[in-house]
Every structure is written in C-alpha cells, then in structure tokens.
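J.: Next come the chains, spelled out residue by residue.
Protein chains: 4
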Amino acid sequence: MLVVMQAQATDEQVRAVCQRIESLGYRAHPIPGAQRTAIGITGNQTEVEPGTLEEMAGVQEVIRVSKPFKLVSRDIKAENTVIGFPGCDATVGGRSLAVMAGPCAIESREQAFAIAERVHRAGAQFFRGGAYKPRTSPYSFQGLGEEALRIMAEIRERFGLRIVTEAVDNESLELVERYADVIQIGARNMQNFSLLKRAGRARKPVLLKRGMSATLEEFLMAAEYVMSEGNYNVVLCERGVRTFADHTRNTLDLSLVPAVQRLSHLPIVVDPSHGTGKRNKVTPLSRAAVAVGADGLMVEVHNDPDRALSDGMQSLYPQQFDELMDQVRQIARIVERYLPPARAQPAAAH
Amino acid sequence: MLVVMQAQATDEQVRAVCQRIESLGYRAHPIPGAQRTAIGITGNQTEVEPGTLEEMAGVQEVIRVSKPFKLVSRDIKAENTVIGFPGCDATVGGRSLAVMAGPCAIESREQAFAIAERVHRAGAQFFRGGAYKPRTSPYSFQGLGEEALRIMAEIRERFGLRIVTEAVDNESLELVERYADVIQIGARNMQNFSLLKRAGRARKPVLLKRGMSATLEEFLMAAEYVMSEGNYNVVLCERGVRTFADHTRNTLDLSLVPAVQRLSHLPIVVDPSHGTGKRNKVTPLSRAAVAVGADGLMVEVHNDPDRALSDGMQSLYPQQFDELMDQVRQIARIVERYLPPARAQPAAAH
Amino acid sequence: MLVVMQAQATDEQVRAVCQRIESLGYRAHPIPGAQRTAIGITGNQTEVEPGTLEEMAGVQEVIRVSKPFKLVSRDIKAENTVIGFPGCDATVGGRSLAVMAGPCAIESREQAFAIAERVHRAGAQFFRGGAYKPRTSPYSFQGLGEEALRIMAEIRERFGLRIVTEAVDNESLELVERYADVIQIGARNMQNFSLLKRAGRARKPVLLKRGMSATLEEFLMAAEYVMSEGNYNVVLCERGVRTFADHTRNTLDLSLVPAVQRLSHLPIVVDPSHGTGKRNKVTPLSRAAVAVGADGLMVEVHNDPDRALSDGMQSLYPQQFDELMDQVRQIARIVERYLPPARAQPAAAH
Amino acid sequence: MLVVMQAQATDEQVRAVCQRIESLGYRAHPIPGAQRTAIGITGNQTEVEPGTLEEMAGVQEVIRVSKPFKLVSRDIKAENTVIGFPGCDATVGGRSLAVMAGPCAIESREQAFAIAERVHRAGAQFFRGGAYKPRTSPYSFQGLGEEALRIMAEIRERFGLRIVTEAVDNESLELVERYADVIQIGARNMQNFSLLKRAGRARKPVLLKRGMSATLEEFLMAAEYVMSEGNYNVVLCERGVRTFADHTRNTLDLSLVPAVQRLSHLPIVVDPSHGTGKRNKVTPLSRAAVAVGADGLMVEVHNDPDRALSDGMQSLYPQQFDELMDQVRQIARIVERYLPPARAQPAAAH
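Residue numbers (my numbering), protein chains in the order written: chain Z, 4 to 353; chain P, 4 to 353; chain S, 4 to 353; chain F, 4 to 353.
For the record, the hints were derived by calculation from the structure and aren't laboratory data. Backbone N, C-alpha and C fix where the C-beta goes; we use that ideal spot for every residue, glycine too. Please note that the accuracy of each hint is not assured.
[Stated by the list, open to error] Listed next, the in silico DSBU-like pairs over lysine-lysine satisfying Cα-Cα at most 35 Å (straight line):
#, chain 1, residue 1, chain 2, residue 2
1, P, K207, Z, K200
2, Z, K200, P, K200
3, P, K200, P, K80
4, P, K73, P, K200
5, S, K80, S, K200
6, F, K207, F, K73
7, F, K80, F, K200
8, Z, K80, Z, K207
9, Z, K73, Z, K207
10, S, K200, F, K80
11, F, K80, S, K207
12, F, K200, F, K73
13, Z, K200, Z, K73
14, P, K200, Z, K207
15, Z, K200, Z, K80
16, P, K207, P, K73
17, S, K80, S, K207
18, F, K200, S, K207
[Said to hold, decoys possible] With the C-beta cut set under 8 Å, the calculated list includes, among others, these residues of chain Z facing chain P:
#, residue
19, S140
20, A156
21, R191
22, M224
23, R245
For reference, chain Z alone in the conformation it holds in the complex (with noise of 0.2 Å):
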C-alpha cells in the first residue's frame, strides 16, 4: 500500500498520515519527492484496508501494490502445472494441446455420440457438453441433467474421450463430480465463492471460465478460492469479456493468455466459441489461440446447428472442426507444441 500526498501537504500532514498508519498497526516510510511525498505502508500480511487514510488532509490518493493471491502465483511454484488424467495419456498444461469439443447441450444419445465420434475422429482428446445449462431465460432449454451425464460416461466409455462439463450448484456439482472427468465453473459463477469452494473439496480438476468482466486478479483470486480448500488441479479458460464491441457476442482477450502465464503456473485454455458467438470466427481465433500459446481449445461442435436447443449460431459443423484441427495442428508445431494425428476413420463410419 502507497499513500500518495498532495503536492501542497504539510509536513504535519505527512506525520499524521504516518500516525495513522502506526496506529493501525503497520509500519509507515515517507518517501520525500521532489513535488511531493508518497508514503509506504508495510507489515501487512494480509490486505490493508485504506479506511479513512484516502479522507485525511493532504492525502491525494492511496495506492494498492501488493498482489492478493498465493497458490495461483509463480511465487509459490515456479513451474507449470500439468494435469493428467488416469487410465489416459491427454493432459492439460503439458507438452501437448488439450482440445475439448462437443456440443454446447447434450439434446438426445443419438446427438450427442455422433458428435463425439467426430471429434474423437478429429483428434480431440476432451468431450464437451452441458447437462446443466445457465440461460439467461427461465423459459429456455435448462439441459438434461442426469441423463446427459450418463450418456457422456457411455462416450467415455466407448471412445476413450475425457468428460468436461458444467456444475451450476452443489446439487450439479456432486453428480458432475461422479460422472465426468473435469467439472467445468462457468463465466456467471466465476465469482460464486460457495461454488468455488466446493469445487476445491471435490478430487476433480476443474475447468474455471472467466466471469464477463472479470480483471486477471479477480480470475486468480477465483482459483485461489479452489485451490485454498485444496484442490491444485484448476485450469482457467478466457471466453470473451464484455465490452462495447458488437461485431462478436463477446471480445475474445488473448493477450491473457501471456498474462497468466506469466503470474501463474496454472494452464489457460481458450473457447473461441463463447468467444467470439459466431462461427465464422471460430476456426480463426481457434489458430491465434494456439499462436499465442494456449494450452488447449473448448470448441463447439454440433452435427445440426440449424435444430440445435441451444448455441447453434457459435457451433461448427463437424467438417468444419476437421478443418480447424488441420490448421491448428500445424500451428502447434511453430509455438513447440503438439496436437496428435487425426485418427483413421473406422470402417463402418460412412
């Protein structure tokens, strides 16, 4: 904490200022300038609250410096975490590109395995799909529930796929925990702490997307929230943020990518799908996801858009991820990573 005086400020000021902060049980360190004096706090272990300081005479502004978050940081654990999965070789954070794919709502069995089996064709090593949906209207599609958990374990089973998908409560959460392979927090719940912190009890990773106007502290401090009760397999997600912008649904920030890797060792992958909502935009920023190094893709795929219960308009068509898987393979291999072969189509396919 930096306590900033006005140029004008007394020395008295400056000393009472200084009191303050004695008396609130810190240590205070003028800073004499040549316009003015800064004043700096230490001895907090925990965050200081500015209280009155910003109101007293003379003080011009008040300054937070130190980061809040622990786990998440580099601070603490200086190289990457990679999150595997048993019985599996997929990982997320390694070497190689973690892509989760699949459609944004499980609708039917039959829906749901002819997609799996083509992005399992495609080399996707994760099946997406919402078995709880959060929508914005109560009179929208609110997702199968137990039912598209179960027939995602049958994907599991039958093509070796990982399941991601999404818990909205603790109810969700249990069941989410018992089926699938990672329990996905989504953008609106990015800052529901009671969630949080039961997805840090649960002994699955967990996927944590980026609220829509979430700061890159505040989507630290959320992993901090898991990974506080002791769960130190999160993997974060940027899917857009909000902004004025209104050619995509959301703005896809890529730069947090670098950002994140920078202060944290945790993996960050990213969903062009949410991202962008169109998709015409998702096979290109699906290739600048990778340029700029992420450690994976969430990609919507669905084999009928034009019917889909939800999302259809962000959805690829299944050719259409063979295509980006094409071009992202390439792509991994400039930025030293690696995404494995398409696998050969099974003889009955077609």
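Guided by the hints, dock chains P, S and F onto chain Z, whose structure is given.
T.: Okay, now just chains P, S and F, sitting in the frame of chain Z:
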C-alpha cells in the same frame, strides 16, 4: 427476428432464406427495400435460435426483435409493484422512499447496534448488514454467518427496522429467509440461476443487485427467474457497472432507473456506496439517485470506518449519513416522493 | 513511480534495479516489506518512462504514482474558476447554474430563432447550436457553417444569449472564435491535440467535452493542453462514455462531477442529451446532474424533433424544456445553487 | 429501420405509426406477429432519423437495420483491395504480409538509421517512426517534426523501406504526404472528420487506426470519409480498444480482422505494440494476428528502449524483432500468406 439480406442478394437467395424459415416452423415476411430486402419472422412463441440463417448465401445479418421477458414487463402489469411488510408501514416502490442503511458486514453485536441506532434515528426504515460476505479473496473476512443473522433479528425487535441481508447459496438463503425481511442476491450472483430459482421459492421479498456487466435485458431476465418460481416481490438495485473509468470503483449508471421504470413495474433502488467505492462521492450520488427517480437507497454506514473489516473506504460516518438524509429528504419532495423526518434522539443517547 | 519486486526476488536483483534507476538519473528508495520489496523512484520532474524496468529480473510490476497535470490542478489554484462574459451577468462556475440549450444543428434562421426564443424564455443563458457537425457518416448533414454562425450572432443580439458552438478544425475554430462566445471542442476531438493547442491560443472560453472512453486523467490532461497555451477559461463537460450498456446511447457518468471537483478548479457541466441519447431520459438525468453538483447543463431542444436533421431522437420539445427548467430550479436551491426564473412571455408570442 | 410495437398496442396505434412514417416520405410495412406487430420502413436512401417514432403511443422500440457504409463495402467491390507502391514490390493486402516496424518516435538520425538497418535486415518492408507525436501530456516529447520526415526520406533512399508516419493536422498531413509513402491517422483522430477528408484528397495511401472505443461500423465509416473524397487506398489497423481489463494497456481485439474481411474489401493490419503496451506480449500477439488472418503487422522496435523518449515499455529490442519475424514467417505459410526471408547481413555490420 429479422433477416437483413445483402444489397446484391438474388431473388433465389431471398427465397431460400424464406424456405429455411418456414421449414423451421415459422412464417417469413419478405420486405423489399430500395437497397436490400429484409425478411421478418413471426410465429415464434419462444426465442428463435438463428441457427445457420446468418450463414446462408446472401444474408447480411440477423437481428433479434422481440424481448424475452414476460412477468417483469409492464406489458403484463401496467401499475407499479409496491412491496409492503407486515406490522410496519415501510414499503418499497410506494410514494415513500425506502432507505436501507448499515455496515458492509456485521462485525459484532456492539458495532451493529451502535450503527442501527444511528441509521434508525436518521430515518432509515431498513437495516442492511452482511452475514455472508462474497469476498474476492478467500483469506479475507467472510462474515459471522448465522450469528450475524441473530444480531440483526434483535435489531429488528429493538428498533423496528426491517432487515436486508445477502444470501450466497441455498444454505445461507434458507437461514436468511428465516431471520431477515428481504433476501439480497449480490451482483456476483445475478446470473447464479440456481440461487435465483431458490429465491423464487422463498416467501420473503428479494433484492436483486445488477451484475457488474449486466445489460438491462439480462438484469430483467434475472428478475424473471425469481418471478417465474412464484415470488413476485422483487426489488432491483443498480450498484454500478464495470467500465474503463478508474476514478470510481464502478461506474454508477443512473440512467438505468428511468429505463427500468419504462419497461418494468418492479421498484428499483440505488446503491451509491458500491456504485462509487469512495466515501466522498456517496452523498452527491445519493442526491442524484433520488433526483433521477429511484425508489430508494442502499447506503453503507459504519461507526468506525477506519477499523471496518470490509469496505471501510466507502462507508459513511453516522453524521455524514444524517446530512445525506437531510439533503435527500428535500430532493424527494421535488420528485413527489417522501422521506420520513429524522426521529427524535432518545434522552439517554448522549 | 514505484517498482514492486517479486516475493522471491534476491537482494542482488533489488540492487540491480536500484542501480538502473540511478543510472537513468533518478533516486531509488527501496522499502523492504514482509513479503516483498518495493522501490520508490524520486527526482523525476517529468514522467519517467518505465523503459525496461518492468523487464528486469525479479520485477513484478511498475506503478505510476504522480499525476501529470499541473495547471488544471487544485494543487496550483485552490479556489474554483468562475468564467464571466462581458456585458452580461451569466457565468460558468459561479453560484448560478449555467444552462446551454438549443438544437443539435442550426438548420435555418427560422428554426434557430424559434428555438432561441423558447430557451431564452425558459431561463437559459446560453444558446447552443451546431454550425459544423462531426457526423459518423460523410453522407449526413454536415452543418451550415459560417451561415449558422451568423444566425447565432444575430440570436445573441436579439435575446442576449451567449453562443456556444463547436469548432472541428483550425479553420472553423477561427470563425467560431470570431462569432461565438464559447468554443466547443467535441468528444471526438478531445485528444486532437493540434486543435486543443489552437483553442489554447484563442481569446474565448473553451468548452471541452469528455471523449467517449477518456479517463479522468486524460480528460484533465486535454484541458491542460488548452491551458498550457495560455487560455485558462476552460469548462469541462461530461457527456457519457461508451460501455457495454445498450439501454442508452452512452452511459452518463455523473460520479465524474465530484471527482473533477476534488482534483481541479475548473467548472464542469453535464450534457444529458448526448449522455443518454433518449428524449425520455433527458429530464430525469438533468435533475440528477444538478443534484450531484454540476455547474450547469447542456441540453438539446428542437421545435420540431420529428424533422430535425440530426439527433431528433434526443431533443426535447420546448415545453418539455420548460418543465425541465422548473424541476432543475427547485433542485438547484437544495444544493445551494441558483437558476434564474423563467422570463415573462412577450405579449405577442402566442 | 424497423418499429417494434408493444404487445398491447392497438390497431389504431399501429395505424398512427404507419401514417407518421408515410408522412415522413417513407413506406410502412406492418408485419403482424403472434405477440406483437413490427413495422418495416423502406424507401430511405439515407439514414432515417427515427425522430419521435420511438415516443409514439404503443411503440416499444425502433431498430436500425441498414448499414450506412458504401464505398468500403464488399457490396460495392467484392475482391480484396491490394495497395502497391511504385518502384518496389511491397504491397498491403496481397499474398505477402506487410510488416511495418520502427521506433515510436524518431529521436535522431543515428537512432533512426540504426533501427532501420535492423528492421530492414529482419525482412520488414515498411519503416514506421513518429515525426508528430500525439502525447497525452503537453509537457511530453512531441516529435522532431519535419526534421524527422527528412530523416525517414533518407532511410527510404538508403534501405528501400517505404515510410509510414502519422499526420495530426492539415499542416503535418501536407508534409507527411510530401515525404512519406503512407499517411497514418492515429486512433485519437479516427473521428477527426476534417483530417479524414483532407487525407481523402491526398495522393498517398492512408493507414487508419481504430479509435479506442470505435465500433466496427464507426471504424468503417471513418474509412468511408477518406474514400468519399476519392482516396481509395485505405489500410485499416486494429490497435486495441479500451476496456476494464488492466493487464494490458489496451485490449487487442483480433476478432475484428475476420469481421472486417467479411464486410469490407480493405486490408487490415494489427499493431500489437499499442494493442498490449507490454514488450513481453508483442511477439505472442503478433503470431496470433498473423494466425487470425491479418494482412500485416505494425511493430515498435527500438535499439535502446530504456532511453526511448516515448513508449519504451512496449518497444522490442532488435533481436526480439528478429525472433518475432522468424516465428511469424512460419505461421504465414499455414494461412497461405508469405513473408520474405531475412536479408543477408552486410559484411561490415558487425
């Protein structure tokens, strides 16, 4: 829904789009213009998923036209909703302004009673105080929980103030519903749809804070979630949105007040404490909020802000709150609202 | 400037940063804290370019501390600036509110006089009208130019109203300076530094509108540009900023008013017409602007908004302006300001 | 334009709106829906001012449908614009990526030549350097003016690099047009329409930077201003927009690239230096920009960033630029673009 065709779209392309619309079960209404054709879509009871319309040859853009909210809308209920409380004459949404004041967090019985005594004397009808605090850091003070609720129930007994306090999950909501008079849903949970639905089944009014980057439509849809479960007593609360501006913690968007009042019958109050995050801006923005036509205010007051465990920087001293009330009372009259006079100071109080 | 070191930074790294700071000609003040060291920088008369400090080993972050503005600052001049006009008692920044009203654009002598008559009668002291219009489209009406300036000069003669109108380049500024009383610099030109410097050499007061995404500091620095050339009569104008919110054309940021008043001695007025872009929100937000403490209002009024050549949607009917003035006049008293009564209607006016 | 009526609007209200539309000289097309009626408006060659339609009884909302741009649009010209330069094979918009590199500001002949030598060797075809600097503070270094232009003209002679430099007003534009190859219009002047029109009369290509809070439509309309005066050689440049995010100086919006390419035939390049404001993010975002499909890059390079007179923090060291070019060259191939190899180092250079 309206499909705008490109200037050079052929008749065949227009026909193809119309056929697609009809095949989705809607009716298509082509409107040929001087420069381009637009196609209106009708027959949709629920929102149309624009699906691949936007991707079809010759299509420029797809524009959503109808508003998705129902129960919150003045289309359904033209007169203002006025929320009353049994055994007292306080209302929200009536001619009298509703003033909710108190500390950010309940820290102790002494602190809470000292503040309650002052805000009651100044004329507030509601006492606000946090029992469950959604804090950015897991290491910050998280609230006293049920103990705080019990203290506030005592405050209701002692001063006749109605209690407003935040619920952060189903468990806390159950307790809040039992002890308090108004269940607050915080900004970070505005799209925690699971919590909204639970609040919709509660038998107490709900105060719903606008999310940090919520559009008017999303805000109203969050209220729709509560109402769709049968709880029609919803108070909206503008508390600032997140923008690039850095001279306040959030940007208080007072234009939301007349915008809500045009579309919805629900009452709306303003929280200038979170809306600015700076003590010295709370009183001017409170005056402005009443002048713009808000149905009430939510204000943080603390008897010792220097030592507050949270949000000290934006809490008013009791005497500043007295002055705020004086000023607001005068402005209320000009906008044909009413704020009861300050209560006589009890003899023993000094 | 303050350099924050990483938690695990070595003493050697701290020393290296200090040496770099000293080698750049400044003084370094290390402040060892419980968790990390911060290093204050002093001795900089101008802004330090943080250069590669941020890239040095062990550095977490570089934080700018001192504010770059001088002439606009209350540090330099504690008392409010009050701008007077020869031969009339209108002021900006004094106890009396300054009301500037008129059409978006001057369309004809008849239109301008009809509106001027009404706003004068309602009590406005300034007439606003566009001669040079910065329009988003090159194909939209661009203003009548010098002809409009001549019409407004006649309006000054006829009604005693002071004229405020926008200059968009050096050529128009020269003419505006000759014909008008206040030179407006529009939001889109807030950082057209060449134009600001030219306005700084003018002998008429300058009304400077906040840019659509200008921070408080950038806004004040734009005023500093004008003042640095010798023109100390600058009026600031909040006119809404660009955010994600879509219920108004811009988001009116009323908290800027007390924020400016804390840092600067310059007067600040509010433009609720551009600030909301919606006629039905102009009067409520005008009340709020006066309640928050603004020094005046700038309001669009048109006698026939349906046929206005620009901004018809946000222009008030003359009768609505009368009502606005009545309401604002009452609120002014509560904040210890003053607005002259409406002028008697001339006998022949009906 | 589309008028959406309220659900409970009467037939009479619909008729009244239609009559108003017709009285304004347009044609009204009522579209009765299941829940409400919408009314299409046609016959408008220019934009309709919605005037008081929005205020009429029974009207819910007025929605603008048609896009106002013409010359920038693919509706007018389907194939990409490729801008060539006499006497050299550099292009912007062709298969070869255009790389513009150099210091923020020209500080001296020595500095400029040293940097030019390095960026030329690395494969850049354009040299960028500021002669006229739009600085937030009037007390910051404002550029060397014509002297800088003369230095850059020498650089063209010596290295064959084409020169890109910013004009900030009519006077500097005249000089820039004389000395340089591409006239840059900065972000702060994106809606300085007077300057845009002057640039439209210049005989050199114009590089137009996106304003800090410009929508896609406003950006294209600014280009339309230039083109409407007869200069069809416009290069667009995404350089980051202003948002709440504080981990970078601006938020680089790479989705704008495919969005522009869908609507317009004009080339678009990306400036990751201003777009992030942090040296360590320039290379990752450059890779991403090429991967997303940009037509080129504009990058700040400085031989001694520590002592740069402006923007040192975001300038690359020459060796970092070499690495950037190597990486970008590889990505270019994947997106079917091309970047010439680094030039052989002259024998005497070490």
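J.: For every hint, state whether the structure bears it out.
T.: Outcome of the hint check:
1. For the given pair, P/K207 sits about 27 Å from Z/K200 by alpha-carbon distance, which is consistent with the 35 Å threshold.
2. Taking the CA atoms of Z/K200 and P/K200, the gap is near 21 Å; set against the 35 Å cutoff, the hint holds.
3. Restraint check for P/K200 and P/K80: the C-alpha separation of about 21 Å stays at or below 35 Å, so the hint holds.
4. The suggested pairing of P/K73 with P/K200 holds, with an alpha-carbon distance near 16 Å, which does not exceed 35 Å.
5. Between S/K80 and S/K200 the alpha-carbon distance is near 21 Å, which keeps this suggested pair within the 35 Å criterion.
6. Straight-line distance between C-alpha atoms of F/K207 and F/K73 comes to about 21 Å, which keeps the hinted pair within the 35 Å bound.
7. Restraint check for F/K80 and F/K200: the C-alpha separation of about 21 Å stays at or below 35 Å, so the hint holds.
8. Simply put, Z/K80 and Z/K207 have alpha-carbon atoms about 21 Å apart, close enough for the 35 Å limit, and the pair holds.
9. Between Z/K73 and Z/K207 the CA atoms are separated by roughly 21 Å; this keeps the pair inside 35 Å, and the hint holds.
10. Between S/K200 and F/K80 the CA atoms are separated by roughly 40 Å; this puts the pair beyond 35 Å, and the hint is violated.
11. With a CA separation close to 47 Å, the supplied pair F/K80 and S/K207 exceeds the 35 Å bound.
12. The straight-line distance between the Cα atoms of F/K200 and F/K73 is roughly 16 Å, inside the 35 Å bound, and the hint therefore holds.
13. With a CA separation close to 16 Å, the supplied pair Z/K200 and Z/K73 stays within the 35 Å bound.
14. Using a Cα cut-off of 35 Å, the hinted pair P/K200 and Z/K207 holds, with the two alpha carbons roughly 27 Å apart.
15. In summary, the hint linking Z/K200 to Z/K80 is supported, as the alpha carbons are separated by about 21 Å, within the 35 Å threshold.
16. For the suggested pair P/K207 and P/K73, the alpha carbons sit about 21 Å apart, so the restraint of at most 35 Å is met.
17. Restraint check for S/K80 and S/K207: the C-alpha separation of about 21 Å stays at or below 35 Å, so the hint holds.
18. Taking the CA atoms of F/K200 and S/K207, the gap is near 27 Å; set against the 35 Å cutoff, the hint holds.
19. The closest approach between the C-beta of Z/S140 and any C-beta of chain P is roughly 5 Å, which is under the 8 Å cut-off, so the hint is satisfied.
20. The restraint placing Z/A156 at the interface with chain P is violated, with a minimum CB-CB distance near 22 Å, outside the 8 Å limit.
21. For Z/R191, the suggested interface contact is upheld, since its CB lies about 4 Å from the closest CB of chain P, less than 8 Å.
22. A least Cβ separation of about 5 Å between Z/M224 and chain P falls short of the 8 Å threshold, and the interface hint therefore holds.
23. Checking Z/R245 against chain P: minimum C-beta separation of about 4 Å stays under 8 Å; hint holds.
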